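Trainee: Residue-level listing of the chains:
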Amino acid sequence: METINAGDTAWVMMSAALVLFMTPGLAIFYAGMVRVKSVLNMIMMSFAAMGVVSIVWVMYGYSLTFGPDSGAGLIGDLSLMGLSGVAETTVGAPGHEIPTLAFVMFQMTFAIITVALLSGAIADRAKFRAWMVFMIIWVTLVYFPIAHWAFMFDGGDGGWIGDRLGALDFAGGTAVEITSGASALALAIVLGPRMGWRREAMRPHNLPLVLLGAGMLWFGWFGFNAGSALTAGSTAAVALINTQVCTAAAALSWIAVERLRDGHATTLGAASGAIVGAVAITPSCAFLTPMGAIGLGLVAGAISAVAVGWKYRLGYDDSLDVVGVHGMGGIVGMLAIGFLATTAVNPAGQDGLFAGGGFALLGKQTVAVVATAAFAFTMTFLLAHLVNRVVGFRADADDELRGLDVATHAESAYEFGPTSGVGMLSGTHPGSMHRETE
Amino acid sequence: MKLITAIIKPHALDRVREALQAQGVEGMTVTEASGYGRQRGHTEVYRGAEYVVDLVPKVRLEVVVEDDDTDHIVDVLVAAARTGKIGDGKVWVTPVEAIVRVRTGERGPDAV
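Protein sequence lines, in the order shown, are assigned to chains A and B.
For the first sequence, the working numbering assigns the number 1 to the initial residue and increments by one for each residue that follows.
For the second sequence, the working numbering assigns the number 1 to the initial residue and increments by one for each residue that follows.
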């Protein structure tokens, strides 16, 4: 084995753990937003992604994504199936080599969370066995190709978005955020709205869980973005500070929009804004100044605070706003690179419009955005229809009404007392009594 | 014997309980309830979507008392539960035909 840089390796291995932690964080973030009858199903969809995608990634996912390109920058080959021969190799620039297995693990966590993200669009109503089947097909035919396009660099012979077109996407604005947003839209359309959508109250059942999950995501995102440098150096430091300030700014701008529009700054708005900021800075974190990152956060938070309302007008039940938060945030972040990127921060980047680079970079960013969104939406639409045709994607009406926790998993999320949940009417508060016994 | 049923605001429960205890009422049953009267509900906003919440949390309190005490206990209960604001609740009285203490099998007023 060649020389290994211990500092870089330590940082990437720790980042892998940070990013993996985001998926249970996402599960908790999502779980707080659904109704009390399908909390466990919501969490289970994410945990199932950790199970399924981990194995698929080792079997052939890493090979399709990071194996030698099989032609036009569209997909890798199968030469690294089962991680054959990978243990003896390293990745990274001279002096910054890390074991390839550390990189395999780091990138595995990206595939996991991208799949888990989709579950927010189909809360409370997806058949669990259909989800299991769908995950395998979707990650194979949608995520692996797009991740190859964006992340596979091989001296101009890698993926077409990152290595050939030269669009900038540092940590996954295309492969993770826009891919999940566009696919979530297709899934929400194919499955249709939850029973009673827009007639019944479908309030988040536990906002503290949402905020806890948002905090876990915020924490893990430092591994996601700064870890994507694959070295523990100045690029990672730029990504680190930008991740923090863009997330902070977007949380503030979302609640500012709410205060002006609805009259109240909400905790759900603060959590949602923070996630939008982290999403928007994901592709751009290594190319912007911290002041640019603050500006991006302010814009991205405000746009998504408005965009989450579109589903009511357009009539698709993207239940937990994967489109409005991840899709829109990813698009804003990718396009912002075309304006705000500067080589003063990162010589490996490019200059955007405001740094005197002209429209060239903005054009490339736009192509990457449109191609990713179009491919992800179209493929997901077809695959979801296929799964629906073969195994039925939508849960039975009775199961949906009873709640998927009991119907699918034979469990309830909460024990409310000796009568176990009796009296938990949809749309009512359980009340707030605390009595000391005498 | 009469059954006094009161629907009151949750935060009035402690005042009512103490007031009744001072009058010698030795037991009661309390249930969390939801409902609305003239108070109606309130509006909540989640990611810009408004939800009108019609049912507001209430406490349902039940006490069995002897016939002669009924009016007095109702007065005490109402005074303790009143804030003067809309949504203070309702109290009603119904006759009780029989009552048994489960542990001893006692019946009638001895079982209260």
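In case anyone wonders, no lab produced these hints; they're calculated from the structure.
Bear in mind that the values here come from a model prediction, so they are computed numbers and not experimental data.
Where is the CB? At the ideal position from N, CA and C, for every residue including glycine.
Don't take every hint at face value.
[What the hints assert, rightly or not] Here are the in silico distance ranges between beta carbons for each label pair:
#, chain 1, residue 1, chain 2, residue 2, range
1, A, P347, B, E50, 17 to 25 Å
2, B, A79, A, P208, 36 to 44 Å
3, A, V306, B, H72, 53 to 61 Å
4, A, V391, B, V96, 42 to 50 Å
Trainee: Looking only at beta-carbon atoms, does the pair A79 of chain B, P208 of chain A fall within the given range of 36 to 44 Å?
Mentor: holds, 37 Å
Trainee: Is the gap between the beta carbons of V306 of chain A and H72 of chain B within 53 to 61 Å?
Mentor: holds, 60 Å
Trainee: Tell me if the beta carbons of P347 of chain A and E50 of chain B are separated by a distance inside 17 to 25 Å.
Mentor: violated, 50 Å
Trainee: Can you tell me whether the CB distance of V391 of chain A to V96 of chain B sits inside 42 to 50 Å?
Mentor: violated, 58 Å
Hint check: violations occur at hints 1, 4; the rest are consistent with the structure.
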